[in-house]
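Based on these hints, arrange chain B on the given structure of chain A.
Taken in order, these protein sequences are the chains called A and B. Residues 1 to 117, numbered by the numbering used here, are exactly what the first sequence covers, in order. Residues 1001 to 1114, numbered by the numbering used here, are exactly what the second sequence covers, in order.
Check before you lean on any hint, since a few could be wrong.
[To be verified] Distance condition first, Cα-Cα at most 25 Å in a straight line; then the derived SDA-like pairs of lysine to any residue:
(1) A/Lys9 <-> B/Ala1087
(2) B/Lys1049 <-> B/Lys1068
(3) B/Lys1101 <-> A/Pro39
(4) B/Lys1049 <-> A/Asn95
(5) B/Lys1061 <-> A/Asn95
(6) B/Lys1101 <-> A/Gln17
(7) B/Lys1101 <-> A/Thr5
(8) B/Lys1049 <-> A/Gly42
(9) B/Lys1101 <-> A/Gly63
(10) B/Lys1068 <-> B/Leu1019
(11) A/Lys9 <-> A/Gln41
(12) B/Lys1049 <-> A/Ala31
These aren't lab readings, by the way, just hints derived from the structure by calculation.
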Amino acid sequence: DGGITQSPKYLFRKEGQNVTLSCEQNLNHDAMYWYRQDPGQGLRLIYYSQIVNDFQKGDIAEGYSVSREKKESFPLTVTSAQKNPTAFYLCASSNPRGVGEGANVLTFGAGSRLTVL
Amino acid sequence: AQSVTQPDIHITVSEGASLELRCNYSYGATPYLFWYVQSPGQGLQLLLKYFSGDTLVQGIKGFEAEFKRSQSSFNLRKPSVHWSDAAEYFCAVAPPSGTYKYIFGTGTRLKVLA
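So here's chain A without its partners, still in its complex pose (with noise of 0.2 Å):
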């Protein structure tokens, strides 16, 4: 079956680190993101691409890298510059340019939980 799948599941970082985030999809959607979730605060937007060799900064890209080398690929990177980034991470795609069915909805992975020690 299709679908997104994130690792690790549950990461653990010390203050300073640069941790990275995998995120890989076989839908074959353009379109990829990433998404933070803090409790109360909804899904706030990281960064997102259209298209391979191509991202765009979200509104919280602050201390987030991201690449796009592969149509499947969209890892996140957290880099010690982001000050607080205990939070559940959450990876999208979407097929906005498709038809039918699915096109134009975000389906997610089941997320991956990073804490700061």
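Below, chain B without anything else, positioned relative to chain A:
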């Protein structure tokens, strides 16, 4: 500014009772509208969506939602709640073209009493 408001942070209902979760949005034009559900520690699953046409849309798990343009609302309903419906529910909007900027509400956490 574009925004989505879910005025109820928590809702508690008894199993078998009806449910309505509210969602209001502020947007320049009629956006695409979505409801998602999230179980603890999991990703979000699409319940239903509205793009155009019939303003009453049916989704999975027996949920439905009604788009009311005059009230800028997209409320989610279920006639009879099951204990397994306990979760957090998110309303979201997106522009009808070049859909990349999805805006989410802060969520409503549903508790179901046996």
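Would you list, in rising numerical order, the hints stated earlier that this structure does not obey?
Checked against the structure, the only hint that fails is number 6, while the rest are satisfied.
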